[in-house]
Amino acid sequence: MATFLRSNNRIFGGRRQTSLWVNYAVAGFYALLILVPIYYVFISSFKSNQQIFAAPLRLPEVWDLVKYFEAQQRVNLLRAMGVSFYITIASEILTLLAGFLAAYAIARIPNRFARWVETFFSMGFLIPAFAILVPVFLLAARTQLLYKPIFLIGFYSAARLSLTVILLASTMREIPRELEESAVCDGANIFHVLRHIIFPLSRTGIATVMVLNFIEIWNEYLFALILLNQETRTLQLVIPLLRAERVSDYSIIAAGLVIAVIPVVLIFVLFQERIMQGLYSGGVKG
Amino acid sequence: MSVAAKTSTTRSARASRSRLALRRQVTFWLMIAPAVLLFSVIMIGPLINMFRVSTLDWRGIVKPSTFVGLKNYLRLFQDVHFYRALANTGIHLAVTTLVVLPVSFMLGFFLSQRPAGYRFLRTVFFIPGMLSAPALAMIFLGLYLPDGIINHYLRLIGLDNLVHVWLADRGTALGAVIAVDLWGGIGWYTVLFFASLSNVSKELYEAAQIDGASYWTLIWRIAFPISIDFFGVMVVLLFLWVLMGSAQNVLLLTGGGPGDSSLTLGFYLYRQAFANRFLGYSQTIGVFIFAVGILGTLLVRRITRPRFIS
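So the protein sequences, as listed, match chains V and E. Adding 1405 to a residue's 1-based position in the first sequence gives its number in the working numbering. Adding 496 to a residue's 1-based position in the second sequence gives its number in the working numbering.
To be clear, the hints were calculated from the coordinates, so they are not data collected in a lab. Glycine is no exception: its CB is placed at the ideal position from the N, C-alpha and C atoms. Possibly wrong hints are sitting among the right ones.
Here are some chain V residues the structure puts well away from chain E; computed CB gaps all over 10 Å [stated by the list, open to error]:
hint	residue
1	L1438
2	E1466
3	L1470
4	V1471
5	S1575
6	R1600
7	H1601
8	M1615
9	I1631
10	N1634
11	R1648
12	V1666
Here are the in silico distance ranges between beta carbons for each label pair [unchecked claim]:
hint	chain 1	residue 1	chain 2	residue 2	range
13	V	F1518	E	T713	11 to 21 Å
14	E	D643	V	L1502	45 to 55 Å
15	V	T1609	E	G755	45 to 55 Å
16	E	A612	V	R1608	28 to 38 Å
17	V	T1609	E	H577	44 to 54 Å
18	E	G755	V	W1521	42 to 52 Å
In isolation and in its complexed conformation, chain V is listed as follows:
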């Protein structure tokens, strides 16, 4: 084992073996700190409260879905999930439409204001959304759109535009200009260029922003809390409600939690590498 590691990592060769084991110990301990609570929540969703508190980490005796049905009955998880999907997908489409067009203009149409517009959007990295929580609430109230999903969709799109525009613009700059020019010489108009050249060739960038935006929008809590009401509440809003009704029944909370994280877990499993790269380049640019 030790030889295998040494041959693989020259940095940990010789007397640095100790560093290697110290690092493994720290990393492994932290990994356990992450995995144990997640395992605990998952198995708790199949147990009764007494069973949870008697032996928190023991596997459940039966894997039944009673608690899931109970959670569904209490707060209508499925309906909330539907609302979450509606709001997330609508926001994604709006962000992508507006962001794609703006990114193309900035990256591809020669204009001396292009740099200014890009700086304008990158200001969004400096405005943490929380700073404008109350003014956004006031805006919703003034426009009579309070508690309507459409306003939240508009907000999510606006909040995600910075990353979307800047990441897409940098993707589009990589596309060779000759492709576009020869298409224009053949008589293609701008819609053809966008549809048949720019869109297919910036697919990687589009996929990255869509995955990042999905996670952010799906998980958002505070703005949804103040901008929606009972009829339109999202999945993130109903999870804490499971606690309010009966504090002690943790198994029902756990069941709701498991349901709430499924979509993000799927996205994570499928696109882990892309998420990481996107966050990294977003961090570098922001």
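Using the hints provided, position chain E relative to the given structure of chain V.
Relative to chain V, chain E alone:
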């Protein structure tokens, strides 16, 4: 005649070229219009409005508002809750930055050396970052409950005197909230440092090793100075995240209590706006938080600007 024809063709060519240029300009503005409009109305507009609202006496959205100038700001500096929130936020910021960043940098460096199993560790470290605030809060609720997992194992190993009602104890409530950020933050920043350090060429470390550099030296004397710029960006991200993001964790876990023991600036803004309905005053707190955010960002960027020592 041929000369005249030539001039007219150049003129018409120039005209068509300028028409083309004009059309390009129009296209440019038309294409950025939806995004600029959306962004201005929903992000920039409210940001400006925050400063205006902070000068109003406004007790709830359906009530009338009156201009009171800087009165809210004077109130801010005489408000004991505000000072308590400021101190708690200071502790929150200090603990998270001092724990998360060094630990994450070391773990990120470790993973960037591609030790056996690094892919698995990286995936695990990334998980908390994928969870929403309510999900994180509810996971921790299961740990903190009076009969929850923490107290269960403390009793099991005989440390009964360490058993607390974690979220309702003055001494532990703030720590319980901070722990949530530590739990997720370390993994998140480890993965980002990993991505950044993966770009550093291996030869650099090898050269230093031939000169007899220790592992510690490799991290803090070589990897760290190289990535100081990226490190600075990470400090800013963490700083703003804690400063602004604390509101939802506090709201979901402790509600600022017991007393004001876990009151943070972000949550105090929320409480003033939505529980006490002092809309104007809440935005005075908002302006303060915003100013701290900007000043902190500038300060960090100034310190971590790459320096080239010959």
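Hints, verified against the model:
L1438(V), annotated as away from the interface, has a beta carbon of chain E within 10 Å; the closest lies near 7 Å. Distance check on E1466(V): its Cβ is at least 18 Å (rounded) from any Cβ of chain E, clearing the 10 Å threshold; non-interface status holds. No Cβ of chain E comes within 10 Å of the Cβ of L1470(V); the nearest lies about 19 Å off, and the non-interface call holds. No beta-carbon of chain E is positioned within 10 Å of the beta-carbon of V1471(V); the least distance is around 18 Å.
With 10 Å as the threshold on Cβ separation, the claim that S1575(V) sits away from chain E holds: the shortest Cβ distance comes to roughly 16 Å. The non-interface label for R1600(V) is consistent with chain E: the shortest C-beta to C-beta separation is roughly 14 Å, beyond 10 Å. Residue-level check passed: H1601(V) sits 17 Å from the nearest beta carbon of chain E, beyond 10 Å. With a cut of 10 Å on Cβ distances, M1615(V) stays outside the contact zone with chain E, its closest approach being about 16 Å.
Distance check for I1631(V) against chain E: the nearest CB is about 7 Å away, which does not clear 10 Å, and the non-interface claim fails. The claim that N1634(V) lies off the interface holds: its Cβ sits roughly 14 Å from the closest Cβ of chain E, which is beyond the 10 Å cut-off. Non-interface status of R1648(V) relative to chain E is broken: a Cβ of that chain comes within 10 Å, the nearest being about 7 Å off. Interface exclusion of V1666(V) from chain E breaks down, the closest Cβ pair being 6 Å apart, not more than 10 Å.
For F1518(V) and T713(E), the Cβ-Cβ distance of about 49 Å falls outside the hinted range of 11 to 21 Å, so the restraint is violated. One distance hint, 45 to 55 Å for the beta-carbon pair D643(E) and L1502(V), holds here, with the actual separation near 51 Å. About 52 Å separates the C-beta atoms of T1609(V) and G755(E), a value consistent with the hinted range of 45 to 55 Å. The hint said 28 to 38 Å for the Cβ distance between A612(E) and R1608(V), and at roughly 34 Å that hint holds.
The hint said 44 to 54 Å for the Cβ distance between T1609(V) and H577(E), and at roughly 49 Å that hint holds. Checked against the hint of 42 to 52 Å, the pair G755(E) and W1521(V) passes, with Cβ atoms roughly 49 Å apart.
Of the numbered hints given earlier, the model fails hints 1, 9, 11, 12, 13; all others are met.
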